[in-house]
Structure formats: C-alpha cells, structure tokens
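J.: Taken in sequence, the protein lines are chains A and B.
The first sequence begins at 34 in the numbering used here and counts up by one.
The second sequence begins at 34 in the numbering used here and counts up by one.
Calculated from the structure, these hints are not laboratory results.
The reader is advised that the hints may include incorrect statements.
Remember, identical chains collapse to one label, so a pair may be satisfied in a single copy or spanning two.
With a straight-line Cα cutoff of 27 Å, these simulated DSS-like cross-link-like pairs (lysine-lysine) come out [what the hints assert, rightly or not]:
| hint | residue 1 | residue 2 |
| --- | --- | --- |
| 1 | Lys192 | Lys43 |
| 2 | Lys108 | Lys77 |
| 3 | Lys318 | Lys192 |
| 4 | Lys327 | Lys77 |
| 5 | Lys64 | Lys318 |
| 6 | Lys124 | Lys108 |
| 7 | Lys243 | Lys192 |
| 8 | Lys64 | Lys108 |
| 9 | Lys77 | Lys43 |
| 10 | Lys64 | Lys327 |
| 11 | Lys64 | Lys112 |
| 12 | Lys197 | Lys327 |
| 13 | Lys108 | Lys43 |
| 14 | Lys77 | Lys243 |
So you can see what is in the structure, the chains are spelled out below.
There are 2 protein chains.
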Amino acid sequence: MALNRESFPKSVTIYEVGPRDGLQNESIILKTSDKIELVNLLLKAGLPAVEIGSFVRPDLIPALADSNEVAVGLKPLLKSNRLVALVPNMKGLDRALEAGVREVAVIASATESFARANLNNSVQGSLEIFRPVIEQALLAGLNVRGYISMCYGDPWEGKVAPDKVTQVAERLFEYGISELSLGDTIGVATPGDVISLLDSLESVGIARNKLAVHFHDTYGQALSNTLVSLQEGISIVDASIGGLGGCPFAKSATGNLSTEDLVWQLHGLGIQTGVNFEGLIEISKWLSQVVGLKIKSKTAIALGADKVNS
Amino acid sequence: MALNRESFPKSVTIYEVGPRDGLQNESIILKTSDKIELVNLLLKAGLPAVEIGSFVRPDLIPALADSNEVAVGLKPLLKSNRLVALVPNMKGLDRALEAGVREVAVIASATESFARANLNNSVQGSLEIFRPVIEQALLAGLNVRGYISMCYGDPWEGKVAPDKVTQVAERLFEYGISELSLGDTIGVATPGDVISLLDSLESVGIARNKLAVHFHDTYGQALSNTLVSLQEGISIVDASIGGLGGCPFAKSATGNLSTEDLVWQLHGLGIQTGVNFEGLIEISKWLSQVVGLKIKSKTAIALGADKVNS
Chain A
34 MALNRESFPK SVTIYEVGPR DGLQNESIIL KTSDKIELVN LLLKAGLPAV
84 EIGSFVRPDL IPALADSNEV AVGLKPLLKS NRLVALVPNM KGLDRALEAG
134 VREVAVIASA TESFARANLN NSVQGSLEIF RPVIEQALLA GLNVRGYISM
184 CYGDPWEGKV APDKVTQVAE RLFEYGISEL SLGDTIGVAT PGDVISLLDS
234 LESVGIARNK LAVHFHDTYG QALSNTLVSL QEGISIVDAS IGGLGGCPFA
284 KSATGNLSTE DLVWQLHGLG IQTGVNFEGL IEISKWLSQV VGLKIKSKTA
334 IALGADKVNS
Chain B
34 MALNRESFPK SVTIYEVGPR DGLQNESIIL KTSDKIELVN LLLKAGLPAV
84 EIGSFVRPDL IPALADSNEV AVGLKPLLKS NRLVALVPNM KGLDRALEAG
134 VREVAVIASA TESFARANLN NSVQGSLEIF RPVIEQALLA GLNVRGYISM
184 CYGDPWEGKV APDKVTQVAE RLFEYGISEL SLGDTIGVAT PGDVISLLDS
234 LESVGIARNK LAVHFHDTYG QALSNTLVSL QEGISIVDAS IGGLGGCPFA
284 KSATGNLSTE DLVWQLHGLG IQTGVNFEGL IEISKWLSQV VGLKIKSKTA
334 IALGADKVNS
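Work out the full structure: start from the sequences and follow the hints.
T.: Structure follows, in structure tokens:
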C-alpha cells in the first residue's frame, strides 16, 4: 500500500465507550449480566480500553443505574485491564473506589449552556467540583481521563470557539488528568474544525499524545473527522461497538462513531489496533440478534449483524 | 479556519447520480413526472452535473425504463445544463441522440466477473463494444464520461489490483472519454486503497483533473475515501441525493455517498460547490415525505428529512 503523501500513526488505541456512552442513550436497558458479558467480549476481542459505566446518581441515568454492580462483577479484571468509570463528583469517586475501579473519567463542558443542562452548574463551577475529585483520585493511585463535551458546536449556542475548549483543557491538565477526550457531542464538526481545535490546543503546549478524539455521526462526519485527526498526530480514538449511542440534546439520535467501521478503516490502512475484527463482528451480532439492540454500524450490517435481515 | 497542514481544492464539482444510480436500486419506482421534477430541483439547488437516466433495454432495469421520456421531458434543459445519460451500446447511443442528450456515459468493468454479470461480456469484449459508441458520440459533438466499476473489490474476485483498473482507464481515455469516474461499486475501499489506485493512474500519465471518485457507503467509508481523494488532488465527486442507491451484487444494499453529507463536509471546509445546502435538504424532504423514498443521508435525517420522525 502506497501511503506516500500522508502520514498516519503505525498504531491506534481504540477507547471503547459502548458500555457507557453507547448504552446510556439506547432505548433498551441491558441486564447487568449482559453488560458484564459485553465488557468481557470486548476485552476478548482485543479492545485495550473500555468504559464500563458511570457512578452518577442512579435515578439520573436509569440505563446506567447498575454501574456499581457491573464494576463489582468485573472485579477480577479491574486490575489488569484498562476499565474506566465516569464519576461526576466526590461521592461518585468514593463509590467507584469502593467497587475497585482503577481509572475514572470526568466530563467537563466547553459551553455554559451544556454545563447548565448536563452538570447543573457553570463551566467554572463544574471545574471547581472536578478539581478535588481528580486530586483525590490521583492520591488513591488512579489515572484520570478528562472529557470536554460540545467541543465544536452546542444545540443552544451554535459554533464553539476553539479557545473556549482550550481554556477548559488547560485547567483539566493542570488538575492532573492524564488524557483528554475531545467530544463532538452533537456530531456537527467537519474536518476543518478538527484541525482548528487541535491547532489551538497545540498553541498552549498540550501534547497530541495526551489527546483522544470522540465523534458522533449525526451528520455522517465521524470517520472523516477521525481520519484527519490521525493525520494530525492523534492516536487515541473513542468509538462505540455497533455505533450505539446518541445525545439527548441533539435533534436526531445518531450514535457514536462505530468501532467496526473504524477498525475496517484502520486495518485497511495497515494501522495496528490489536483488535480482532471478526471477534468484533461477533459481538455486533450478539448485541443485535440476542440482546435486541439496533446496530448502526454499516460495516457490521454489511457483514450480517442486522437484526432484520439476518 | 486553519487548514495549514492539508491542501484541499478551492472548489469541487459534485456530479449528482441520484436520478440514475440512486433510483436504479431503490424499491420504489418513481413516476416519470417525479423524475423530471427531481432533476429540475437538483439543477435549481445548484448541482452542476446530473445523471438523468440510462438508455439500456427497458426490461433490463425497470426503474429506468422511462429514461427516454425523462430526457424528452427535460429537452429545454439539455443544451444549457450538464445532463448525462448512460448508454450501454450503439443502440442506446442512437436513442440518447434522438432524445437530444448532449453527454453520455459508458460503464466498463475492472473485473471479468462483473463484466460477465453486468455486461454479459468480457472486460475486453465490452471495451470493444464501447469503442465505436464513444467514437460515434464524439463525432456527434457529445462529451463522453467513462466509469469503471469494481475498482477496489468485487464480490466474486475479492480485492482488485490497481493496475487492472489502470489498464481499462488507459483504453477508455484512448477512445476519447473526457472524464473517468472510479467506482467503488460495492463500497469496500479504505483510504489507503484510494491512494494506491490514484498513484497507479498517475504512473501512466492520467491527469487527476480528468478523474472523478464514486464511492458507496457499504462499510461507512465513502466520505473518508472522498476526503483522501480531495487531498490527493481530485475535484470531481459523484454523490447521490439522500444517499439513494445500492448495488444488486453487494451483500447489503447500502447506498451511494450522500450529496447532503458531502456538501456539509465541503462547506464546513470552506470548499465551494455552488450548491445551495438548504435547497438540497428541501429536496431530501420532498423525496422522503412526498415521494416516499427512504432517505439514508445522516445530514438530511438530522435536519428533519426522515420520513418516520417528521
């Protein structure tokens, strides 16, 4: 393969968000045992990092109300695998620690409107809540992943300026996160926006190897945006098995970038992922045909994981 | 917008294949008047080139059996707009000329299996049929567009070597085509394959400004493949309104690259297309809500062109 004009990374770390960001926005709520099985299958297929749930107040996100039980069910795996749980505050962190979780994530917002809607706070106020959470997690020996939501556009405020994202990013790294995922929560970015944001983050000295990209496919741009990110030196990509997920604040409920479509592209480009592609498709089939979820990955559907056609 | 590391073309010519390649593979067959209306609407939205039908034997592709009537209905527009019709042979060319068509297209195959299945001939044999058709069309003062199907993969033969495509391309240019569209008929290519093929074509001196790319989205790669093509100097892109279309020989009936998703990306990148995006979405809504077609464009669905949700 003659890739003589572009430079892509030799390998990409896929950070699988299906069991959290994916299942959080699906109409079917999985049984705890199915969630545990899903994480097990993803690890078996070679995914190097899986987000397993969220230690929010159980009534806030019913689909993830059993994240504690999921973590407990995965206990033997928590030490030797990168299994991450979201924590919204100190109470969430305490519960995650008690369950044996070894890496947590916090989700900040780039915009005031989303901070109000999702975090019930201001951008600044929510950062002040995260600061001691991150410090405490570090003291307990955990890694902390940061997310920033609405990095490109926001349903209330429209286009988001890169420097708003960069300001929040600087604070999160200052607090001690080890990796930052840039969320296009409503899926409106196009490749030029991605380059602009990465440039802005570079201008304050944030290294690209600490950044992950996280795209939703609302406007069909997720994989193109990822491709440009790879060309710009990013090598950590968030994706969701089956393209599961969505955003309650977006007009249409289009899901995350699908892990299957991403792996098809990366392997096609000769980029290593450590993922067994056939194993991945088996999981899509199981999710569709046994669990009953609607699979949105075109690759998985092309290979027979469609519930209706199979 | 800081596009400092990649070079994209300033403008892109979108070649709209919806009324031909799109409608050819949909379950609903449009009335002749709706087909004529569709072409009119596409021109009004600023599409610079539209493929309006196919002069094949009417019983071979029932969805396009009325291409002659469509062309006749568009007669006042044929001279001043780029409206193209497929012709499979001399008889088809005669009918197209009689209807007043000013540009025709021929579809060759890169593989023997597809040539047999679709053209009922060998690769060489079908080229020999096209040669006098192209010569005759040129004598009549028409432009001729060439297509090559199965440029990357074939359902019977698997991966297709770039030099197979290049050999057919050389012949078609030798016969006198003015533009060649590289078809990923079953939608299996990834960006590395695209670069390899463009390199192969360049090695025999085929200029990039005579090449168009034509992707199907079976594995979700159509827009990424297009993006890489633009970076490689291509500036003519085939797309289908609503992502209509499919391929009877592919396992799943996923459609063409959608015009709406493409325009969303190009305009996001600051690339001129001459297309009125809002006008395009109005067409998607009409196709979905009035004509009753299932729209596959994520952008159009996000903006309310979904039949079910609207």
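J.: Now tell me if each hint is right for this structure.
T.: Comparing the hints with the structure gives:
1. Taking the closest pair of Cα atoms, Lys192 and Lys43 come within 27 Å of each other only across two copies (23 Å); inside a single copy the shortest separation is 33 Å, beyond that limit.
2. Taking the shortest alpha-carbon separations for Lys108 and Lys77, only the intra-copy value of 16 Å comes in at or below 27 Å, while the best inter-copy value is 61 Å.
3. For the identical chains of this complex, Lys318 and Lys192 are inter-copy neighbours only, at 25 Å across copies versus 37 Å inside a copy, given an alpha-carbon limit of 27 Å.
4. Taking the shortest Cα distances, Lys327 and Lys77 sit within 27 Å of each other inside one copy (22 Å), while across copies they are farther apart (37 Å).
5. In the homo-oligomer, the alpha carbons of Lys64 and Lys318 lie at most 27 Å apart inside one protomer (17 Å), although the nearest pairing across protomers, at 38 Å, exceeds that limit.
6. Proximity of Lys124 to Lys108 under the C-alpha cut-off of 27 Å is restricted to the intra-copy arrangement: shortest distance 20 Å within a copy versus 72 Å between copies.
7. Taking the shortest Cα distances, Lys243 and Lys192 sit within 27 Å of each other inside one copy (24 Å), while across copies they are farther apart (36 Å).
8. Taking the closest pair of Cα atoms, Lys64 and Lys108 come within 27 Å of each other only inside a single copy of the chain (18 Å); across copies the shortest separation is 61 Å, beyond that limit.
9. In this assembly of identical chains, the alpha carbons of Lys77 and Lys43 lie at most 27 Å apart only when taken from the same copy (22 Å versus 46 Å across copies).
10. Proximity of Lys64 to Lys327 under the C-alpha cut-off of 27 Å is restricted to the intra-copy arrangement: shortest distance 16 Å within a copy versus 33 Å between copies.
11. In this assembly of identical chains, the alpha carbons of Lys64 and Lys112 lie at most 27 Å apart only when taken from the same copy (24 Å versus 63 Å across copies).
12. Proximity of Lys197 and Lys327 under a CA criterion of 27 Å is satisfied in neither setting, with 35 Å inside one chain copy and 39 Å between copies.
13. Neither within a single protomer nor between protomers do Lys108 and Lys43 lie at most 27 Å apart by alpha-carbon distance, with minima of 32 Å and 54 Å respectively.
14. Within a single copy, Lys77 and Lys243 get their C-alpha atoms as close as 26 Å, which meets the 27 Å cut-off; across copies the closest is 47 Å, which misses it.
Violated hints, in rising order: 12, 13; the structure is consistent with all others.
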